[in-house]
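Anchor point for the sequence shown: position 395 equals 395 in this note's numbering, and the numbering is continuous, going up by one each time.
Hints may be right or wrong, so weigh each one.
For each label pair, taking beta carbons as the anchor points, the in silico distance ranges come out as [as the list claims (entries may be wrong)]:
hint, residue 1, residue 2, range
1, Ser164, Gly240, 27 to 35 Å
2, Ala265, Asn517, 41 to 49 Å
3, Phe267, Gly199, 46 to 54 Å
4, Ser466, Asn123, 26 to 34 Å
5, Ser224, Phe267, 20 to 28 Å
6, Gly304, Gly165, 49 to 57 Å
7, Ser224, Phe126, 23 to 31 Å
8, Ala287, Pro544, 34 to 42 Å
9, Ser356, Ala482, 18 to 26 Å
Treat the hints as calculated values from the structure; they're not laboratory data.
Glycine included, every Cβ here is placed at the ideal spot set by N, Cα and C.
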Amino acid sequence: MPNKQRMRYAFPSQNLAGAGMQKIHGPFRAALGVVSCALVLTLAAGMARAQGVSDVSTATVEPLGMVDVRSIPEPEARETIRIIRRPLSKLSGQKRPAPLATADVPFAGQGEAAEPISEAAANLLFNFEGIEASNLEPPDPHIAVGPSEVLLATNAGLRVYNKSGSPITGLLSPSSFFGVPSQFEIQSDPKVLYDAASGRFFAVWIAFDQQANLGAWFVAVSTSSSASGTFFRYQINETGNLPDYPGLGICSDKLVITANDFRPAGFGGFSFTGAVAVALNKSQLTAGSSVSLNRFGNIQLSGGAGQAFTIQPAQSLTSTSSCNMVSLRGTNGIQLYKINGLPPSATLSTSTTVPSLTTAVTTPVDATQPGTTRRVDTGDTRLLDATYRGVNGGSIWTSSNTGCRFSGSSTTYTCINVVELSNVDGGSPSRRQQIVFGASGLYYYFPALRTDSANNMTVVFSRSGSSEFPGVRYTSHLDAAALNTLESSVPLIGGSAAYTGTRWGDYFGAALDPTDNRSIWIYGEYKRTGSSLWHTRVGQTQVP
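Based on the sequences and whatever the hints tell you, model everything.
Encoded structure:
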């Protein structure tokens, strides 16, 4: 089996094309960390100053200008496959036995225990083909949905569609969309969201200039509720570090971007220096003006438990001035963080109450597929997504991959792990429910999720096995249903060919439709016959 303890990174010199992705920079380079500030924290009960966050700073970032997406060229075609670097990892493999999982009861026609169709997941209202590519891997598919448009983002490019699935733009070059200068050899990991409160699309992209030892987030903000018009662009530098595996979250007055910081360590290696979060003034971003920010570096777990890793900021679906963030704590806890106040005077607090998981996560197993011994890379146990809604005292849903097993078998498979925290608005957050979900003989991986206005949750993910090609499926937890349960999963689209690449994911996307607040749009990777290395599919779902 593949060794999941290895460093999950493909340095540009290892790329088959011999070149990394283009990186973003601009005339203004905010020297984050140069100006330090003493934070005075006013904390709710059960919250404490983030321990050991000595790397705290403020800065002001000037806009790089504005871009009209209708003028952006399509990416240049590449004849050779380029492998985007793996997410860097400081996680070690867990050797404990994989947990017992909740079985995904087969959908009608797929087995003797089939449930009736009426008991399946949310209805599929509409679906269409997304972006596909043959020149790089993995896609990192992500989605944002506005009043009339759908914005899809992948490592191959971005594209805007109407809600009938017709493209409005061509495939937009990421480096041109974000304004990335060519000296940034490494760039990847797009994240996008639509914020109904401000009526704007937001996007982030990471980059690293090896020669200058300069990392950066590149942020784009639409000037209206349309993704097919103009965007303001910003560059937030992370000097001396590659800001890997970015997160993108939002609350009433702030945009939050996160990353795992890695410093070049010689011989093509990188060493982890800490998790970082940057809070930006949202109203300044949407105005296209100078933007105040607070940067929180080397964020710690509570109780002296060490450095945090892969902090996921939540997309807030209801009004809150607290930007909530979560990270995995060891293998059996979820650490909650909050950013309050308006930059440049925002503060970070860490919950001293750590909700424990009923089932500890373990290293996922790479997935099988028919007709080949090549397995599909299922990633690791880091949190992949987070979303907030002001119900149940403040609710956060988050998701990850995990190893799992089923009654009567000692074989380890890969399952999706979805967790809901409640009471996050007070001082005592708790685990409301956790579902480790899969099926014996199959592998479930890279879940992304959102909730609707009735607090029903829909999650999208990949599934494959020795008799099933990699496809996209989804399921739902109905708010009226018993806790710790999911409906039977159903296909968005099934795979029809084996994946011949080496990378999958590294994440999928889900987005709430702001026009009805009930339908959840989902976006994931699958493999079908044809010349493209990978394919993606979009679906609009709704719980009845």
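Hints, verified against the model:
1. Ser164 with Gly240: 27 to 35 Å: violated (47 Å)
2. Ala265 with Asn517: 41 to 49 Å: holds (47 Å)
3. Phe267 with Gly199: 46 to 54 Å: Once the Cβ atoms are compared, 48 Å apart, the range 46 to 54 Å for glycine 199 and phenylalanine 267 holds.
4. Ser466 with Asn123: 26 to 34 Å: holds (30 Å)
5. Ser224 with Phe267: 20 to 28 Å: At roughly 48 Å between Cβ atoms, phenylalanine 267 and serine 224 fall outside 20 to 28 Å, so the hint is violated.
6. Gly304 with Gly165: 49 to 57 Å: This hint holds: roughly 51 Å between Cβ atoms.
7. Ser224 with Phe126: 23 to 31 Å: holds (24 Å)
8. Ala287 with Pro544: 34 to 42 Å: Holds: the Cβ-Cβ distance is about 41 Å, inside 34 to 42 Å.
9. Ser356 with Ala482: 18 to 26 Å: holds (21 Å)
Checked against the numbered hints above, the structure violates hints 1, 5; every other hint is satisfied.
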